[in-house]
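Novice: Chain residues, written in single-letter form:
Protein chains: 4
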Amino acid sequence: MLTVFEIPVRVYHEDTDGGGIVYYANYLKYMERARTEYLRSLGFEQDDLRQEHGCIFVVTHVDIEYRRPATFNDSLRVSCELLETRRASFRVRQNVQRSEAKQGIGQAEAGSEQGNLLTASTVSLACLNSETLVPQRIPRTLSTALADVAQVH
Amino acid sequence: MLTVFEIPVRVYHEDTDGGGIVYYANYLKYMERARTEYLRSLGFEQDDLRQEHGCIFVVTHVDIEYRRPATFNDSLRVSCELLETRRASFRVRQNVQRSEAKQGIGQAEAGSEQGNLLTASTVSLACLNSETLVPQRIPRTLSTALADVAQVH
Amino acid sequence: MLTVFEIPVRVYHEDTDGGGIVYYANYLKYMERARTEYLRSLGFEQDDLRQEHGCIFVVTHVDIEYRRPATFNDSLRVSCELLETRRASFRVRQNVQRSEAKQGIGQAEAGSEQGNLLTASTVSLACLNSETLVPQRIPRTLSTALADVAQVH
Amino acid sequence: MLTVFEIPVRVYHEDTDGGGIVYYANYLKYMERARTEYLRSLGFEQDDLRQEHGCIFVVTHVDIEYRRPATFNDSLRVSCELLETRRASFRVRQNVQRSEAKQGIGQAEAGSEQGNLLTASTVSLACLNSETLVPQRIPRTLSTALADVAQVH
Chain A
1 MLTVFEIPVR
11 VYHEDTDGGG
21 IVYYANYLKY
31 MERARTEYLR
41 SLGFEQDDLR
51 QEHGCIFVVT
61 HVDIEYRRPA
71 TFNDSLRVSC
81 ELLETRRASF
91 RVRQNVQRSE
101 AKQGIGQAEA
111 GSEQGNLLTA
121 STVSLACLNS
131 ETLVPQRIPR
141 TLSTALADVA
151 QVH
Chain B
1 MLTVFEIPVR
11 VYHEDTDGGG
21 IVYYANYLKY
31 MERARTEYLR
41 SLGFEQDDLR
51 QEHGCIFVVT
61 HVDIEYRRPA
71 TFNDSLRVSC
81 ELLETRRASF
91 RVRQNVQRSE
101 AKQGIGQAEA
111 GSEQGNLLTA
121 STVSLACLNS
131 ETLVPQRIPR
141 TLSTALADVA
151 QVH
Chain C
1 MLTVFEIPVR
11 VYHEDTDGGG
21 IVYYANYLKY
31 MERARTEYLR
41 SLGFEQDDLR
51 QEHGCIFVVT
61 HVDIEYRRPA
71 TFNDSLRVSC
81 ELLETRRASF
91 RVRQNVQRSE
101 AKQGIGQAEA
111 GSEQGNLLTA
121 STVSLACLNS
131 ETLVPQRIPR
141 TLSTALADVA
151 QVH
Chain D
1 MLTVFEIPVR
11 VYHEDTDGGG
21 IVYYANYLKY
31 MERARTEYLR
41 SLGFEQDDLR
51 QEHGCIFVVT
61 HVDIEYRRPA
71 TFNDSLRVSC
81 ELLETRRASF
91 RVRQNVQRSE
101 AKQGIGQAEA
111 GSEQGNLLTA
121 STVSLACLNS
131 ETLVPQRIPR
141 TLSTALADVA
151 QVH
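If you read the protein sequences in the order shown, they are chains A, B, C and D.
FYI, the numbering used here numbers position 131 of the first sequence as 131, with every residue one higher than the one before it.
FYI, the numbering used here numbers position 24 of the second sequence as 24, with every residue one higher than the one before it.
FYI, the numbering used here numbers position 126 of the third sequence as 126, with every residue one higher than the one before it.
FYI, the numbering used here numbers position 81 of the fourth sequence as 81, with every residue one higher than the one before it.
Mixed in with the good hints there might be a few duds.
If we take Cβ atoms under 7 Å as the criterion, some of the chain A residues that face chain D in the derived model are [said to hold, decoys possible]:
| hint | residue |
| --- | --- |
| 1 | Tyr12 |
| 2 | His13 |
| 3 | Glu14 |
| 4 | Lys29 |
| 5 | Glu32 |
| 6 | Thr36 |
| 7 | Phe72 |
| 8 | Asn73 |
| 9 | Arg77 |
| 10 | Glu81 |
Facing chain B, a subset of chain D residues (Cβ under 8 Å, in silico) [what the hints assert, rightly or not]:
| hint | residue |
| --- | --- |
| 11 | His13 |
| 12 | Thr16 |
| 13 | Asp17 |
| 14 | Gly18 |
| 15 | Tyr23 |
| 16 | Ala25 |
| 17 | Asp48 |
| 18 | Phe72 |
| 19 | Ala88 |
Quick list of simulated restraints, FRET-style, between CB atoms [as the list claims (entries may be wrong)]:
| hint | chain 1 | residue 1 | chain 2 | residue 2 | range |
| --- | --- | --- | --- | --- | --- |
| 20 | A | Asp63 | C | Pro135 | 38 to 48 Å |
| 21 | D | Arg50 | A | Glu131 | 42 to 52 Å |
| 22 | B | Asp63 | A | Ser75 | 24 to 34 Å |
| 23 | D | Arg137 | A | Asp47 | 22 to 32 Å |
Treat the hints as calculated values from the structure; they're not laboratory data.
No experiment lies behind these values; they were computed from the predicted model shown.
Ideal Cβ positions, reconstructed from N, Cα and C, are used throughout, including at glycine.
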């Protein structure tokens with residue numbers, strides 16, 4: 001059975017807002033870190049892709065459900081799972097979960113997977129030419145790697 | 001005919017990333033500024049709502065489509081339009097548009113409304129108790145004001 | 001008497017942290033907005049300077065004293081005052097002040113200039129070649145404009 | 001010989017600006033992460049300090065010199081070294097260094113400590129009451145731990 005790709009993320013002061021919880025836009029930062037590490041785990045560095053193939057990836061769509069808030073000092077796991085790959089785009093599922101049981105709020109559910117799911121999202125990305133910002137075919141080495149991943153799932 | 005509530009936003013260096021375009025999470029910051037000003041335009045300050053009614057608003061869902069990128073120095077308009085209001089939540093449509101015709105990329109479409117639409121989104125918000133983070137009825141003065149807006153539309 | 005160049009800045013949720021006050025790094029964002037508007041007020045757009053003269057400005061030194069915290073919804077004034085201009089660099093003084101008297105904390109001093117000063121800083125900037133990141137002479141039109149400002153002070 | 005406390009930080013898209021380099025305010029985020037981990041390494045969690053002692057730490061002064069820029073994908077080391085501790089405040093030195101030799105720009109110096117130093121700074125912090133924001137004595141367990149560190153140096 002395949003495990004989903006995940007990175008650990010710690011919540012720092014920079015991430016929280018005056019409500020004492022992680023600011024909603026900042027989950028998208030966590031998710032982008034996970035996508036970068038996901039590509040890295042497949043052997044691809046985005047700065048190399050840009051220099052060698054003149055391509056950058058831009059997000060074209062995000063659907064994100066915020067279920068529970070993360071707070072300062074939380075230890076999170078941020079996932080990246082390939083859902084679909086096309087000629088010039090791909091789509092991933094990304095969840096943010098709390099790693100450890102938290103004291104206090106939500107304590108009853110601590111430990112259950114469901115109780116620790118903070119955000120659930122899908123993200124679509126397009127491959128663009130870095131100069132013209134026009135859609136461009138995903139470099140073959142990367143599209144092959146992504147197709148291999150998709151097949152295994 | 002009702003005009004949609006909008007605020008102007010200027011793109012600064014803080015908003016862009018290494019790709020030279022506005023980082024995708026930062027549109028959510030712009031949208032939150034517009035929601036804050038929307039509530040203010042209706043006569044409601046979020047710090048007063050918190051002090052007097054013990055309530056905060058948290059985003060529970062975002063669906064955002066990124067159509068075109070904004071770049072440094074762009075002058076944007078960010079909208080907030082009420083779609084639906086419930087007992088303890090409400091939902092808005094928020095678009096980000098470029099205010100002025102841009103030179104160069106996408107020039108042919110400059111001036112057309114369609115060509116200037118950068119992001120299109122819907123955002124759901126829940127009213128929570130600021131201490132317990134449990135859902136709480138929207139304060140009556142605010143729910144009345146939102147209902148009035150919804151009726152006019 | 002010359003008035004110092006200032007821009008208004010409103011504090012939004014994105015700016016605050018879990019302590020309920022503006023996160024310390026975010027004052028540097030406000031200051032950069034003020035520098036951008038300062039250059040604009042002198043007739044210079046940074047994207048034009050980059051395209052026409054191949055130069056960008058990078059911050060080389062910041063000394064900032066945090067005296068009082070700004071909180072959500074505060075209305076601020078952020079200044080930019082030229083202190084010194086050189087061949088390939090210049091230095092400015094930038095303060096952040098609260099525009100309006102605040103209720104509650106620090107109320108006794110509300111209204112006094114001193115009581116409303118939140119941060120005091122000096123910032124040094126260097127002109128670099130946008131490709132090589134090597135120091136480069138400030139474009140003459142800009143250095144002339146800055147010299148004129150410096151002379152008036 | 002004592003080694004200085006350090007954490008690793010990877011540069012992601014969220015950190016860079018349109019100039020292709022890390023935005024100047026974001027080094028302060030890295031530095032705050034290092035301070036949080038430094039306190040954690042001494043056995044202190046800031047959320048515990050707040051709950052048990054009603055105290056938070058706020059930055060009162062930063063002096064930061066930006067020597068070289070970090071770029072996307074850089075692997076950094078961010079230090080935190082205690083310089084001075086007082087009744088209700090302490091001061092640290094914090095440097096940001098690049099971990100690995102970079103290809104291209106600055107290549108000649110790669111490997112030398114000096115060549116890899118990106119920012120050098122000192123940061124002063126005050127202990128405040130989390131409710132009143134009035135200065136408050138550093139909790140004794142923490143001040144003792146800091147004094148022990150200071151003595152060793």
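Novice: Does Asp48/D pass the interface hint, meaning its C-beta sits closer than 8 Å to a C-beta of chain B?
Specialist: Where the cut-off is 8 Å and the nearest Cβ of chain B is about 19 Å from Asp48/D, the hint is violated.
Novice: Verify the CB-CB distance for Arg137/D and Asp47/A against the hinted window 22 to 32 Å.
Specialist: violated (48 Å)
Novice: With 8 Å as the cut and Cβ atoms as the points, is His13/D at the interface with chain B?
Specialist: This hint holds: His13/D lies near chain B, its Cβ roughly 5 Å from the closest one there, short of 8 Å.
Novice: The hint names Glu32/A as touching chain D; please verify it with the least Cβ-Cβ distance against 7 Å.
Specialist: holds (6 Å)
Novice: Regarding Asp63/B and Ser75/A, is the given constraint of 24 to 34 Å on their beta-carbon distance met?
Specialist: holds (28 Å)
Novice: When the nearest CB of chain B is found for Gly18/D, is that gap smaller than 8 Å?
Specialist: This interface hint holds because 4 Å falls under the 8 Å limit.
Novice: So, as I understand it, the hint says Phe72/A touches chain D; can you test that by seeing if any CB pair is closer than 7 Å?
Specialist: At 6 Å from the nearest chain D Cβ, Phe72/A passes the 7 Å test, so the hint holds.
Novice: Holds or violated: is the Cβ of Thr16/D closer than 8 Å to a Cβ in chain B?
Specialist: Constraint on Thr16/D satisfied, holds at 4 Å.
Novice: Holds or violated: is the Cβ of Phe72/D closer than 8 Å to a Cβ in chain B?
Specialist: Holds. Min distance 5 Å.
Novice: Answer holds if the nearest beta-carbon of chain D is closer than 7 Å to that of Asn73/A; otherwise answer violated.
Specialist: Because about 5 Å separates Asn73/A from the closest Cβ in chain D, which is inside the 7 Å limit, the hint holds.
Novice: Is the interface hint satisfied for Glu14/A? The criterion is a beta-carbon contact with chain D at less than 7 Å.
Specialist: Result: holds, 4 Å to nearest chain D Cβ.
Novice: The hint says 42 to 52 Å between Arg50/D and Glu131/A; measuring C-beta to C-beta, is that right?
Specialist: holds (49 Å)
Figure legend: structure checked against the earlier numbered hints; hints not met, in rising order: 9, 10, 17, 19, 23.
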